[in-house]
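**Student:** Respectively, the protein sequence lines represent chains L and H. Position 92 (the first sequence) corresponds to 92 in my numbering; numbering is contiguous. With positions in the second sequence counted from 1, the corresponding number in my numbering is that position plus 236.
Just so you know, these hints were derived from the structure itself, not from any lab. We treat Cβ as the ideally placed atom computed from N, Cα and C, and that holds for glycine. Hints are not guaranteed to be accurate.
[Stated by the list, open to error] Derived coverage of chain H by chain L (criterion: at least 3 residues anywhere in the stretch with Cβ under 8 Å from a Cβ of chain L; other residues may be distant):
1) 266-275
2) 542-549
3) 637-645
[Unchecked claim] Listed next, the in silico EDC-like pairs over lysine to aspartate or glutamate satisfying Cα-Cα at most 20 Å (straight line):
4) H:Lys639 x L:Asp58
5) L:Lys67 x L:Glu120
6) H:Lys637 x L:Glu76
7) L:Lys117 x H:Asp238
8) H:Lys553 x L:Asp71
Take a look at the letters that make up each chain.
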Amino acid sequence: MMIALKDINKTYFGAQPLHVLKGINLNVEEGEMVSIMGASGSGKSTLLNILGILDNYDTGEYYLNGKLVKDLSENEAADVRNRTIGFIFQSFNLIPFKTAMENVALPLYYQNVSRKKRNELALEYLERFGLKEWADHYPNELSGGQKQRVSMARALVTHPKVILADEPTGALDSKTSAEVMQILREVNQTGITMIIVTHEKGIALRTNKIIHLKDGVIENIETNNPDLIDFNTEIK
Amino acid sequence: MDFWREIFMALSRNKLRTFLTGFAISWGIFILIVLLAAGNGITNGITQEFSDQSKNTYMLFGGETSKPFRGHGTNRSIWFTDKDIRFLENEAQHVDQVSPTINSSGFAYFGDQSCSVNMRGVRPVFQSISNVDLVKGRLLNERDERQSEKVAVIDDAVEKHLFDDGTSPIGQFIIVNGIAYKVVGVYEGDPNSNGGGALVPFSTLKKITNQRYYWMLRFTVKGLETKEDNEAYTEYLRAQLAHLHEFDPDDHSAVYIRSTQEEYLQTMKIFNTLELFIWIIGFAMLASGIVGVSNIMRITVKERTNEIGIRKALGAKSRSILASIVTESVLITAIFGYIGMWLGMVVAEASGSILAKIQEGNSFSLNIVPSIDIRIVLMATVLLIVCGVLAGFFPARNAVKVKPIEAMNYR
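Next up, chain H with everything else stripped away, as it sits in the complex (with noise of 0.2 Å):
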């Protein structure tokens, strides 16, 4: 009690320069938490992101070869046959649901109203790896599919183009390149694309466009957990693929293997790498802050020199003088780190929810709402104390060094 009287008689003696100390400390935690916040923002932005692929996808794309192989020579075009889907349906470890996509462009017709139209030939199970988001109707099924019915899924941009006298578009009929599609329902496009969208199931589209060769097959697998589970499927699924098209297993160009989790991984190390640099900028600034308290106990120490002598041939003990001068450093910084660490989180909140207002209705858009977590301030609290313990440590020793009689006599 008495101590921290003691304490506060000290730091209340020259308050203008305990504040402006203290204004050096607050400055730098305000910038550290709210860097910290916003990095934490794009982050749980881009995981959000990865978190709307709720299942990890896996993609193949056909390439060109770029080794010779049993007769075979290079620049060979790989591309994915039925075949590739008949073995991931039915051979292949881990597959769980296979999506293979048609694509198929023209123009759309309803009334006298037309618009150009990316007609893309799905399974359903391609709505929830992608992320559809139905805005009314329904979304294909497997009875669709199985059945090859001429329906047709389109997205806002065609509903608007097509549909712009208010009539709902659903049970409508649509023509594409002279084929009547049933419209079932209507989905978000992607505001950025020019030109609208439509899901039609892929039974449909094949039979129609007779298409053989796909570029690009994607697929959901099931029971890969870790990162090595991962690496090992994608070579598994390379040894297959190079023994179904007679491809060098070792030839990373025939056919690439990308997956969600890989790109995960991948994007997280990114925004690790930024966390990082953020820590080192804000360590940075609360740095010259730090030294700023350093500096100001130097000087304080220095002009209660005397009083330190005093106390000293009156019996203080060096470790009471040492305590109380790094108490007071502690406390300059606990207190004024505070602050600093407050109005930080008032910032990124405030901000946050600025921004979350702002985002929302935008879904397409990266969600980057500034936030702080727990761990975060407890390692600003942790390394405030640090700190505080740092800069009043070293003026003290040297001030309880002094023989209490020279300390005396210091004018």
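With the rest of the complex left out, here is chain L (with noise of 0.2 Å):
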């Protein structure tokens, strides 16, 4: 089991307390691919944050590849970030002043890897992704699905267990999105657990397992066999 939520909740105490998660049970075996589907306001985003140990919850149980999540002090959460997660987001969340290869390479940097070893690894990846030529180039000099893929490859470079991707095709064109989509399922295909949010039911039909949250609990979980789209078609 790579993730195990037990009974999550989650309320936001502003000045109208907010419950956005009201016990959440969830599992998610290792190398699965896992879509969590709701409408705006539905969650999902508190969940992904949990899941990310962005934020933290109120009561519940969550195992993170059989390790308790809880009260972590923020070092150890930076730690456990760090070695077992990946991030992909919808804004992409490049630093504009570093080079694709730099941002890459930003996750070792925190692992006290050395700056060889470091910038080997991220152009290695980079070339995974068909980004090699533009390693020196600057976020702004990029396409979005380059962008994407850098960002993919920031997320693969510290070999996470876990992949958690926030709307990756959010900012995407359909041809892009199916390209990047792609990506991700050949990288689930390597035995990294992969969990995507969408609202777009096309990206949640190439995921094996459909999570649909509805305020802040799951509705059902729908198995899904993504070898029944074809992968050629546009998402949107």
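Taking the hints as your guide, dock the two standalone chains into a single complex.
**Tutor:** Here is the structure:
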């Protein structure tokens, strides 16, 4: 079991307390490719933040790779994030004043990998995504698809156990979206667990398990065979 | 190494801002250094002035009694006599050499030239206590004093008036109040006094004027090192003089006792206050620079909120972000601080050497040469680093408190 959530609750205490997650129970096996669907306000982003240890939860238990993730200090959380989780964001979240290579190498910087080694690895991953020639370019010189591929390289460079993708195709056109999904699928086939948050049916249909979230509870979990879909068809 | 690369990258991304921020720091430390150098110059000038009077010298001034004592009324004038001189020479503790003075003024004649002259009968020791600078010939010596020689050391003003035709005054005789004195030397007079001066042996002038009262006695002491020693000695002197002149030992207006050490300490007190004041002004200047840096760091951190969020999501620890922002701030303050310090030192040293040239050959004016000592540089360095840490710490602490997800969504 890669991820096990037991009765996770999360409330945001603002002017009006907002009970965002109301007892989430979820298991994700190692090597699974799962999508979380839901309308905005369903709590899917909150769930992803908790899975990514970017936010904490109020009650319940979260086991990541067999270890309980609860009340971690900021430093411990940073370490777990750095070594087990790779993030892919809708807005890419590349650092604008660093080259593609430097962006990919950044997570390794926080593992105290030497600069030479870091850049070597970063180049290797960029090459895998067909971006070797773009290694010295800055993010604003890259297209949306290229940026997302850089951020995928950055997510993978640390050999994470889990990839968390938050609307990875949200800022891309349908053709590029299909390419990105193709890559994510290939990555998943190397054994890396993949969790994708999306509100697009076309994306969800390319995963093995679709989790429907509504008003902070899991409405139903749908098993899906992505092989039934022609991966060359456009998504949107 | 990587850590520094990251920081230099951050600094060079916004060069103009980095420069403007740094300028405030440079300016603050520049002013501080220049002010301190000027203050140091004044203090050094004063210290030097005092060190010219190499020996600790006491001066006794006769005053008026303010308390009745053993049948004596108040307002009795105290004058010193030969008895006091003998007391100082033979009985009083710590006395090294006594230098009583007799003044007598009149007109000095040489040939058909004349000028007014203030003659002072002094013992040879006076010449070293009062820092008499010989220009030519010789000073008065013990033999002159012992044998009451009619010799005179005239000052350059008298020389100019009486020997304006270029005759060497040494060996010539000048006539003052009907007595002929042989000129044995010329000393540098006080350029601020009008009229000339001449030094003649004390014993000579005493015989001529038959003066028996002295309003002031001066003597050097030995074996008094600390302020406490001097205070105790002053009390001792007052008690002894009270006994000799029959006044109340607690009557502080009967005689006035001054010592150069006391004057020195008092003056130094003033200059220490001046230095403190300079530090306060300089500090205030610097503080505005620090506030500037802190403000800029706050803006920088705000602008970099996204980046900080991304870094945290990728596994950056708070401490590494805190360290890089604080280091950035320390670097700005230290580098620009050093530029300001360096410029301040250049200005201080340059004005110092210019002033030193101007004041050369003008030995009676105060030597005010701005100077920096290493102590100030070290203190300023420590100050800069502390300020840099403070300026960076609070914005940085706010930055790392933000949750990564909020930071990434910050626009």
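**Student:** None of the hints should be skipped; say for each whether it holds.
**Tutor:** Against the structure, the hints:
Restraint check on the stretch 266-275 of chain H versus chain L: 0 residues with Cβ-Cβ distances below 8 Å, three needed, restraint violated. As drawn, the stretch 542-549 of chain H meets chain L at 7 residues by the rule of a beta-carbon pair under 8 Å; at three or more, the given contact holds. Counting residues of the stretch 637-645 of chain H whose beta carbon lies closer than 8 Å to any beta carbon of chain L gives 4, which reaches the threshold of three, so the coverage claim holds. The suggested pairing of H:Lys639 with L:Asp58 holds, with an alpha-carbon distance near 16 Å, which does not exceed 20 Å.
At most 20 Å may separate the alpha-carbon atoms for a hinted pair to count; L:Lys67 and L:Glu120 exceed this at roughly 32 Å. With a C-alpha separation of about 15 Å, the suggested pair H:Lys637 and L:Glu76 falls inside the 20 Å cut-off, and the hint holds. Under the criterion of a C-alpha separation no larger than 20 Å, the hint pairing L:Lys117 with H:Asp238 is consistent with the structure, at around 13 Å. The suggested pairing of H:Lys553 with L:Asp71 holds, with an alpha-carbon distance near 16 Å, which does not exceed 20 Å.
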